[in-house]
Amino acid sequence: MLRKTLKAVHDDDLKKLLQSLELHEKIVNEQLRCKFCKTIITLDNLHSIFPQSGNIQLVCSNPDCIKQLYNFLREDTDLL
Amino acid sequence: MNDMIAIAIAFKILQFGVPWILLILFAYMVFCHPEKVQKWSVLFWKIVRYFWREAEKYIIANDIEGRVNDFSKNMSKELVNFEPIGVQIQWVKDGEDRDHFFRDNKLIIRMREHKNQDKNFVYASMVFISKYVLRKVKKYISKSQKESIDLYIAKRLYNREKARVLDEFFEDFFALKIDANKKIATLIEQYHVIDKVGLFFPALITELTFLGEKVYFKLKRDPIIKEVTQLIKYLENYANRELGDEKTPLVFEGIYCRCGIMIIAKRFKVIQIGDIEPYVKYIKKLLERKIEDIYLIGPDYEKNLKFIDEISYKLQEEMGLQKYHHKKYKSRIIIHGERKEVDTCLVLLRSREILRYYDEEYQNKYIEASTES
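Chains V and L are the protein sequences, given in the same order. The opening residue of the first sequence carries number 0 in numbering that gives the first Met the number 0; numbering runs sequentially from there. The opening residue of the second sequence carries number 0 in numbering that gives the first Met the number 0; numbering runs sequentially from there.
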């Protein structure tokens with residue numbers, strides 16, 4: 000069976016990843032917002048991150064935003 | 000690599016005092032049903048987790064991969080022309096900095112501790128379904144049609160899981176979408192009805208797959224979307240048909256989708272008369288009308304199956320039809336106003352004269368005319 004990769008980060012490694020992406024401090028200082036609903040991103044509500052046009056986009060764990068992410072992925076993107 | 004090590008360790012442990020036949024069975028499962036082995040291995044990793052924190056990732060990854068890949072494999076039994084696609088969780092590595100992140104250009108989804116595994120599973124599998132499942136089917140259809148298909152497929156996946164998983168899905172996605180979007184709610188209701196007679200995958204998704212395999216010169220989406228709406232309605236009407244009803248149309252003659260259902264069920268015709276010619280003659284007339292796909296459907300008892308096989312064989316021999324699919328399943332049809340479960344058989348025959356490329360001339364002749372009307 001052909002397998003497609005889904006990249007993931009575990010909670011144990013999340014802080015380390017955010018630090019290497021230079022996002023951790025900004026999140027702690029509540030400077031970053033969800034791409035879809037513009038709510039402030041926290042370490043608790045972060046659902047996923049992806050690159051777009053040289054920027055790092057963040058998606059919160061609001062089901063509506065997650066659905067918008069799926070709609071976005073369904074179109075022809077190479078994010079998976 | 001680490002999965003292989005775990006399997007090798009398990010194999011070594013099993014070698015002590017375990018009969019060879021069990022070892023052979025284990026090896027068979029690993030190579031032929033790896034997704035099932037992955038599901039079982041979760042229990043093993045949960046024990047290891049007490050001693051080794053990293054086992055967390057193996058629990059999450061094997062659980063998601065095992066369940067999604069098993070479902071994908073089962074779907075391939077229900078669909079023709081479907082190559083199952085699986086998922087592989089790739090954990091972010093230590094060297095993931097900004098440069099690497101942009102070079103890789105991939106979404107990274109967060110997974111919580113395995114105590115929240117139901118949420119992890121729902122979110123990961125929804126990403127996978129949205130992007131990879133039934134891509135051909137979703138190529139030309141509308142946004143609501145795509146979303147509703149994803150939701151319905153996901154519902155089918157989670158129906159096989161524990162009630163908590165279904166609750167998670169319903170709470171976060173299904174109920175919200177149905178309440179917020181009337182089109183999606185209507186479509187899902189239609190799929191549900193079509194599924195009652197067992198035709199969601201073998202007929203609807205199959206026809207949409209065939210549609211996705213066609214190529215169009217200067218693609219025009221609107222006529223395709225309109226026709227898909229009509230195809231869904233046609234199958235819904237068939238699903239709501241009462242046994243013996245001869246008024247419900249059984250043939251769909253669209254521009255892109257052209258299919259017909261031939262019900263083979265009248266006992267006196269099958270058992271007492273036993274003449275296949277009237278059925279063959281009728282199907283030949285359908286083929287003259289450029290119907291591409293013929294679904295022979297009838298109750299699954301010995302004489303009827305033999306009758307269906309004879310019709311199928313004759314059409315393959317005389318008209319060069321290709322047998323694409325043969326399936327037995329439970330169908331809930333309406334008999335005297337109530338749905339009753341019957342054992343059913345379906346044979347899908349496909350014409351060799353299928354229009355695969357819609358050129359400019361054809362589109363100008365048929366599609367412009369249809370959009371004007």
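Keep in mind that the hints were calculated from the coordinates and are not lab data. Don't take each hint at face value.
With the Cβ distance kept under 7 Å, some of the chain V side facing chain L (calculated, not the full set) [what the hints assert, rightly or not]:
#1 Leu5
#2 Ile39
#3 Ser47
FRET-style restraints, in silico, Cβ to Cβ [unchecked claim]:
#4 L:Leu242 / V:Asp63: 19 to 25 Å
#5 L:His335 / V:Asp63: 40 to 46 Å
#6 L:Gln321 / V:Ser52: 24 to 30 Å
#7 V:Ser52 / L:Arg331: 47 to 53 Å
#8 L:Glu252 / V:Ser52: 42 to 48 Å
#9 V:Leu1 / L:Glu245: 25 to 31 Å
Using N, Cα and C, we set each Cβ at its ideal position, and we do this for glycine too.
Review point. Looking at the structure, which of the earlier hints fail to hold?
Key: 2, 4, 6, 9
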